[in-house]
Amino acid sequence: GNSVTQMEGPVTLSEEAFLTINCTYTATGYPSLFWYVQYPGEGLQLLLKATKADDKGSNKGFEATYRKETTSFHLEKGSVQVSDSAVYFCALSDSGAGSYQLTFGKGTKLSVIP
Amino acid sequence: DVKVTQSSRYLVKRTGEKVFLECVQDMDHENMFWYRQDPGLGLRLIYFSYDVKMKEKGDIPEGYSVSREKKERFSLILESASTNQTSMYLCASSLFGTSPSNEQFFGPGTRLTVL
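If you read the sequences in order, they're chains A and B.
Quick note, the numbering used here runs 12 ahead of the 1-based positions in the first sequence.
Quick note, the numbering used here runs 3 ahead of the 1-based positions in the second sequence.
Okay, chain A solo, but in the shape it has when bound (with noise of 0.2 angstroms):
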């Protein structure tokens, strides 16, 4: 079946230290990959996605490369800020299962001091 493995956190960082969390998936097809963010008493909102091997999904300053050959997809940011203190999933979705479902990792929550 398909699997997300992220780093486990909490993450606390200084205010523009460089952000790096892990994930690693296993899929039975094709997956799209994604990192969504969920700010404090917040739902959940896509950041970026990639949808095929080499793929670099960018936004809000976050990058993530698709990459097929160690099966990951690791969200960076260079320099966050205080306003980056979050929970962060990666997730897939994958054609080879037939459906259109998420499976996520289980979260790394990032908070970010001044």
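If you are wondering where the hints come from, they were derived from the structure by calculation, not from laboratory data.
Owing to the predicted nature of the structure, the values given are computational and were not obtained by experimental measurement.
It is possible that part of the hints are untrue.
[Stated by the list, open to error] Away from chain B, derived, C-beta distances all over 12 angstroms, residues of chain A:
no.: 1; residue: VAL23
no.: 2; residue: GLU54
no.: 3; residue: LEU56
no.: 4; residue: LYS80
no.: 5; residue: GLY90
[As the list claims (entries may be wrong)] Residues from chain B shown here face chain A by an in silico Cβ test under 10 angstroms; the list is partial:
no.: 6; residue: VAL7
no.: 7; residue: ARG47
no.: 8; residue: ASP62
no.: 9; residue: PRO64
All C-beta atoms in this analysis are idealised placements derived from N, C-alpha and C, irrespective of residue type, glycine included.
Keeping the supplied structure of chain A fixed, place chain B upon it in accordance with the hints.
Just chain B now, kept in the frame of chain A:
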């Protein structure tokens, strides 16, 4: 902008009560989903629906049922609430089709406490 709304942000119920959680989306999406979110477990799919009156079980359907009488509305029903159903419930919607790139749009969530 896609908007997914949920009927309550916070809800407190007693064990054994019947509980209805309502979700409405305004983008004419065919697919709708109910998840529960628990610390350390991430999001788990309870049920989803790809059309009016159609439903499919997700990973954890036990103790829940759903109703989709209109395209824009998807209800989650707890027939007899129990304390282990205390959780955050998230509704989502997406376009129809099996394209894996279809984005899901989420509501703000309902935090349910069962006493």
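Problem set entry | Status of the B/ARG47 interface restraint (C-beta, 10 angstroms, chain A) | holds, 8 angstroms
Problem set entry | Beyond 12 angstroms from each Cβ of chain B, as asserted for A/GLY90 | The claim stands: A/GLY90 keeps its Cβ more than 12 angstroms from every Cβ of chain B (closest is about 25 angstroms).
Exercise. Does A/LYS80 really sit off the interface, with its C-beta more than 12 angstroms from all C-beta atoms of chain B?
Worked result: A/LYS80 is indeed farther than 12 angstroms from all Cβ atoms of chain B, at 14 angstroms.
Problem set entry | A/VAL23 and chain B, when compared Cβ to Cβ, separated by more than 12 angstroms | Check passes; 15 angstroms lies beyond 12 angstroms.
Problem set entry | Interface hint status, B/PRO64 versus chain A (Cβ within 10 angstroms) | violated, 13 angstroms
Exercise. Are B/ASP62 and chain A close enough, Cβ to Cβ, to be under 10 angstroms, as the hint says?
Worked result: holds, 9 angstroms
For this session: Report holds or violated for the interface hint on B/VAL7, using the least CB-CB distance to chain A and a cut-off of 10 angstroms.
Result: It holds, given that the least Cβ distance between B/VAL7 and chain A is near 7 angstroms, below 10 angstroms.
Exercise. Does the claim that A/LEU56 lies outside the interface with chain B hold up, using a Cβ gap greater than 12 angstroms?
Worked result: violated, 4 angstroms
For this session: Beyond 12 angstroms from every chain B Cβ: check whether that's true for A/GLU54.
Result: violated, 6 angstroms
Hint check: violations occur at hints 2, 3 and 9; the rest are consistent with the structure.
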